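**Student:** Produce the complete structure using the sequences and hints provided.
So the sequence shown is numbered by the numbering used here: it starts at 850 and just counts up by one.
Quick caveat, the hints were computed from the structure, so don't treat them as lab data. For clarity, every value in this text was computed on a predicted model and none was experimentally measured. Worth double-checking, as some hints may not be accurate.
What the hints assert, rightly or not - Derived Cβ-Cβ restraints for the label pairs, each shown as a range:
no., residue 1, residue 2, range
1, Arg893, His948, 26 to 34 Å
2, Arg916, Arg939, 31 to 39 Å
3, Glu987, Gly925, 29 to 37 Å
4, Leu941, Ile1006, 32 to 40 Å
5, Thr983, Ala1070, 19 to 27 Å
6, Asp880, Thr983, 18 to 26 Å
7, Ala1070, Val882, 28 to 36 Å
8, Gly1048, Ser995, 17 to 25 Å
9, Asp931, Ser995, 28 to 36 Å
10, His923, Ala1070, 51 to 59 Å
11, Asp1062, Phe998, 37 to 45 Å
All residues carry an ideal CB built from backbone N, CA and C; glycine is no exception.
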Amino acid sequence: MTDENHPLFSRVEHNRTADGVVHQIETLILDGVLRDGDRLPGERDLAQRLDVSRPILREALKELETRGLLASTHGGGTFVADIVGQIFSRPLAELIARHERATQDYLDYRREMEGLTAELAARRATATDRAILTAIVERMRAAHESGSFEEELATDIELHNAIGEAAHNIMLMHTLRACYRLLTQGIFFHRQMVFNTPGARDRLLGQHVAIHDAILASDPAAARRAAEAHIDYIVETMRETQRNGEWARIARLRLLQRETRA
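**Tutor:** Written as structure tokens, this is what we have:
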């Protein structure tokens, strides 16, 4: 999971109490290092890494479960709970899905938040952040060239999440993760609809590369513009797709009516 020089879990300093363990794991979740579904090491291994007794570790894990941050299954281990999915409750997500105007509000929100996020990433991205972004873009290019739509869609979300992490703002990172969760679930619109628009895949790849390049160039203004232009393109493409779909529906009805008259 990590190399020996930079262990994910480190020795609990000073008073080796359950509170110290709770604080360390909470911080890893808060910083986005541990994500929903990540499995913690086994009890013996984790106790050794933290340099605490197993009773203290059990007490800490029980406290984190009580707080809803961890979940355990009998014989299956302990995992980070689905805390991101709970930001938008199921009733709210289903309510949003039933009203089309929520899509526009969603894209408005993303335009502002992603513009700010890209700007911050251009200011704050570390060498490691930059390497992660570049690796994702390279996989995105490969998926694009091979015609692997699903992989291209997956790297799309992965890149946006990585930009959120590179901004080093906890609130932005977690709220954007929640937004992307709804997107992958098809709550707002089907991303395939945008990808299937003629020329869209090339345009989207170019937009993602532009955001990446501006961040690596440490150009906050360019990064914000590139992120905003990306959302603007999605908005316009969605409108055009919906408009063309409505026109096609009307044309089919007119043809049906003509055939009925004949």
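**Student:** It remains to establish, for every hint, whether it holds in the given structure.
**Tutor:** So, going through the hints one by one against the coordinates:
| no. | hint | result |
| --- | --- | --- |
| 1 | Arg893 <-> His948: 26 to 34 Å | violated (51 Å) |
| 2 | Arg916 <-> Arg939: 31 to 39 Å | violated (21 Å) |
| 3 | Glu987 <-> Gly925: 29 to 37 Å | holds (35 Å) |
| 4 | Leu941 <-> Ile1006: 32 to 40 Å | violated (21 Å) |
| 5 | Thr983 <-> Ala1070: 19 to 27 Å | holds (21 Å) |
| 6 | Asp880 <-> Thr983: 18 to 26 Å | holds (22 Å) |
| 7 | Ala1070 <-> Val882: 28 to 36 Å | holds (30 Å) |
| 8 | Gly1048 <-> Ser995: 17 to 25 Å | holds (18 Å) |
| 9 | Asp931 <-> Ser995: 28 to 36 Å | holds (32 Å) |
| 10 | His923 <-> Ala1070: 51 to 59 Å | holds (53 Å) |
| 11 | Asp1062 <-> Phe998: 37 to 45 Å | violated (24 Å) |
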